[in-house]
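Residue numbers (this note's numbering), protein chains in the order written: chain A, 1 to 646; chain B, 647 to 859; chain C, 860 to 1110.
Treat each hint with caution, since some may be false.
[Claimed, not checked] The calculated lysine-lysine pairs, modelled on DSSO-like cross-linking and capped at a C-alpha distance of 27 angstroms, are:
no.	chain 1	residue 1	chain 2	residue 2
1	B	Lys828	C	Lys943
2	A	Lys310	C	Lys863
3	A	Lys391	C	Lys863
4	A	Lys564	A	Lys261
5	A	Lys399	C	Lys880
6	A	Lys556	C	Lys910
7	A	Lys564	C	Lys912
8	A	Lys497	C	Lys880
9	A	Lys497	C	Lys912
10	C	Lys912	B	Lys743
Please keep in mind that the hints were generated in silico from the structure rather than gathered at the bench.
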Amino acid sequence: MNPDVKMHTKLDAKVPAGSLAEKWDRHRFNLKLVNPANKKKFEIIVVGTGLAGASAAATFAELGYHVKNFCIQDSPRRAHSIAAQGGINAAKNYSNDGDSVWRLFYDTIKGGDFRAREANVYRLAQLSCNIIDHCVAQGIPFARDYGGFLDNRSFGGAQVSRTFYAKGQTGQQLLLGAYSSLMRQVSTGMVKLFPRREMMDLVVVDGKARGIVVRNLITGELETYTAHAVVLATGGYGNVFNLSTNAMASNVTAAFRAYKKGAYFANPCYTQIHPTCIPVHGTFQSKLTLMSESLRNDGRVWVPKKPRDKRRPGDIPESERDYYLENKYPSFGNLVPRDVASRNAKEQCDLEKGVGETGLAVYLDFADAIKRDGENAIAGKYGNLFQMYEKITGDNPYKTPMMIYPAVHYTMGGLWVDYNLMSTIPGLFVLGEANFSDHGANRLGASALMQGLADGYFVIPYTIGGYLAQTSFSEINVPDSKEFKQGIQNVQQRIDKLLSVNGRRTVTEFHRELGLILWEYCGMSRNEEGLLKAREMVSNLRHEFWKDVYVPGTGKDLNQSLEKAGRVADFLEFGELMILDALARKESCGCHFNTAFQTEENEARRDDQNFCHVACWEYNGDDQVPNFHKESLTFENVELSQRSYK
Amino acid sequence: MNWFLNMLRTSIGKKLLMALTGLFFSIFLVIHLLGNLTLYGGKDLFLSYVDHLHALGPLIHVAEIGLLTFAAIHVSTGLFLFLQNLQARPIRYTVDKRGGGRTIGSATMPYTGVLIIIFVAIHLSNFHFIDHSRQTVFQAIDATFHMVPYIFFYIAAVIIVAIHVSHGFWSLFQTLGANHPKYMPAIKGIGFIFSLLVAVGFGFIPVYVSFIM
Amino acid sequence: MISKTINLTLKVWRQNRGEKKGRLETYSAKNISVDMSFLEMLDVVNEELTKNKKETIAFDHDCREGICGMCGAVVNGRPHGHEKETTLCQLHMRHFSDGDIIVIEPWRARAFPLIKDLVVDRSALDNIIQAGGFISVNAGGAPDANALPISKEIAEAAFNAAACIGCGACVAACPNASAMLFVSAKVSQFALLPQGRPEAARRARTMVRMMDQCGFGNCSNETECEAECPKGISISNIARLNREFLKAEFS
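The following block holds chain A by itself, in its conformation from the complex (with noise of 0.2 angstroms):
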């Protein structure tokens, strides 16, 4: 542990009693109800309208609550859980090949490398049936066999096929039939939409979250709602890194305002790094595009041999080529998995093997497999991706090597919740990517798009009437509120702030910056000297930042500028926090890699003796080191194994 980190309580994760596979019903029998006819009395404010927030709002809407649903987009089908590729897992055993609840539970246990809960991951699995069930229902259009029954494929390593997928446009279909049922309940009445708001504020009166203070992103004015619950489903925080797979309005502005409202942030430095991805063409690349990892079952990755070796990839001879993942691990050799494959591309370039303009990506060479199975076969497994490929690069990659790079995919880390999804603030409640609960140190493919739509349509209408039911609730008015007063002041105070530093520097420009500090220190591999070092550039950066930074336009309009930058300066803030909860977790785990602490093998070296825990952080204060919580994992029913792959 860290000298300046003071160790406070343990957590309480209120896992119920009783053998994994009865702790979800017998909860739920236990759980108190709500009237039905009191439900109607009762308003819970919604903040994001991804798989997770979507799902969530038209579920307690069904039930009869009143909802009141919020997203930074136009529309709430544009929340980023659209851009999903690959395929949502669900332990149907289809396919007869031995996948049960137990296996989907224990294969995403062990890739989070036996750092998640075991009760929320059984249950996740239990859950994983329901969501094919009711996505059917809901005419989402899934791949089917000449049977007319549902397609599935094996994903991510898995050894069994359990994968239910839309072409690669899972994420769409999923979102766009949560999105419909959220427009039904907006028919109804009993969702009350606002898109366009971007969350400013959490507000707590006696404890308990009460409501939100928003920006109107096209007024500028700032809003105030009120509820008896508040559910966060805001999604991840991969843009702290600038650059990565999310959406460019993806942001932790939402979650960290709550953190320093009191939620606990548990694991923030768990950030899975996508193996596959176009990589990076220039300084004013805006995003990074991903493609399937499934290329890796017929391409090649490799370097030249020699050092800024500048030759066209046709030109280097088979002899002064290095297939560096074949060599180093030859009984997995391309296929090892997404961590491994990652951190060896970045070993690579920093050897100065990196291919391409930027020097920053390595051949994935489809030339072989071309060669042994024909042009053809290679299409019809790959055609549009090798299509998206050449659309993005204008590359033709049958002719030549595609060239990939890692990227920020998935933050595993989030706000710290129990087991009815609740954080430490009672009433806020925490679904999808933004909170920590079911991946671990890593996340498996087609695991996040079940977990979102578990957590909304099947965890959470449960549990938030546990809490409705037992709690007691003040009447509030919000103009004599003091404490919303307060909340509306305070970010009114911020954005003045933001606008009146007057410096010389782009938001777009510290973004960057943050984002290269991060990738070398706190990306896919770590060490103590390198985190030290990010600590104290992070937190320079931040001071230059309210010193120079520059924002144009004003408060009262539409201005995305000022949008970024209140986001900017939250990942500011949040990237010290990343650097100090990967400082204080000594071991490898999961996509935490510490160079400290490897196998002989290269392979991520756990200590379960003393880090077998969430790491959670509680705000004390701007400026101030967080107080550390921390709750113990304990594994009743599966054995804590290493893994390997040479």
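Could you slot chains B and C onto chain A? The hints should help.
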């Protein structure tokens, strides 16, 4: 009846009116063309066709009233849609290019429509509203088609009709919901041939009458 | 090996919030790498504006991988630019030449009121979905997913209709500013699937009426929508909508 009027007030309802009346005019064009083809058989054949037509008596008036009514519906609905569509984009683009969907036919429907009305009026005044006791229809045709400017006017007019039909024909099937990947190419092909036949079939008549006969 | 760069002249529609009239303003975009996307090119122009302490050009965008449907502008008279089946964020600058003059305008339709610069209000599309673009099923009540076999062909046809990203390019492209392609895509998806049949008639009727109410123009089968749709949605869906609507009205 309420539901019916209610339906006609919707955008698709109005399009249905356009399609059905358009279908009717397409059929009319076919019959008209078939009738006129008798001209190629000479004066006697043509006049016997005219006699047969007139022998239908009151039926011919029913058809005329029908045509007039449908024309009124087609024109007024079309005009209404045209104005509504103009309003749907109050500020136009500074630069407006096509993406490859529009055709000459589709882009000019309202304008070819207006030209066709004018043509039909002149056409009727030339051949229909004349004193049939003083000259036969054939004489009227023969006289008119020996005025060279009128030949050009007539040929231009039937080309305009053909352009109108080139979009109208397949479009009416689309509006009626008959678009199937298997059959649409055929419908479009028939529409193209039909408009070609209209242009050539009608357009060649004045040439034939004045130069060949 | 330095990638090729080009210089461009932009004429961008600028209009403040609440302003009655806008105007095209001219900007130069210098040293634009041909590997950039169109939106990244706009980012560069905005960075330059910021450095000169001027207000940036407002434009909607989010995922930048062609799926969220948030971006879109009319580029030289073509919605999302001239490349086929491409959203603006996926349009790359290698499709332009050095010295090009590019005119950038917002979607123009009465049903999409302008908010600022290139940003328009497309909530009419949400209103149409609210009118019936859903299957009325509550969470928890669904039968087993495989209880209802659906042929592969039908599932694929439904998927092709469901691929719509709701960007509004069809409206922007239509000479009449009609939203028929958008409406027909949703109606088709559910009309094709057995799960959607029970509500098919009601859905077609309510969605068409809402579309009319929102102030969109009428479809005159110009097929510009199909030509400009970034997801290649076919106008055969419009025929299906017509069919579904007429069937619903006459039965």
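Query raised in the report: Among all the numbered hints in the text so far, which are the ones the structure does not match?
Result: 5, 8 and 10
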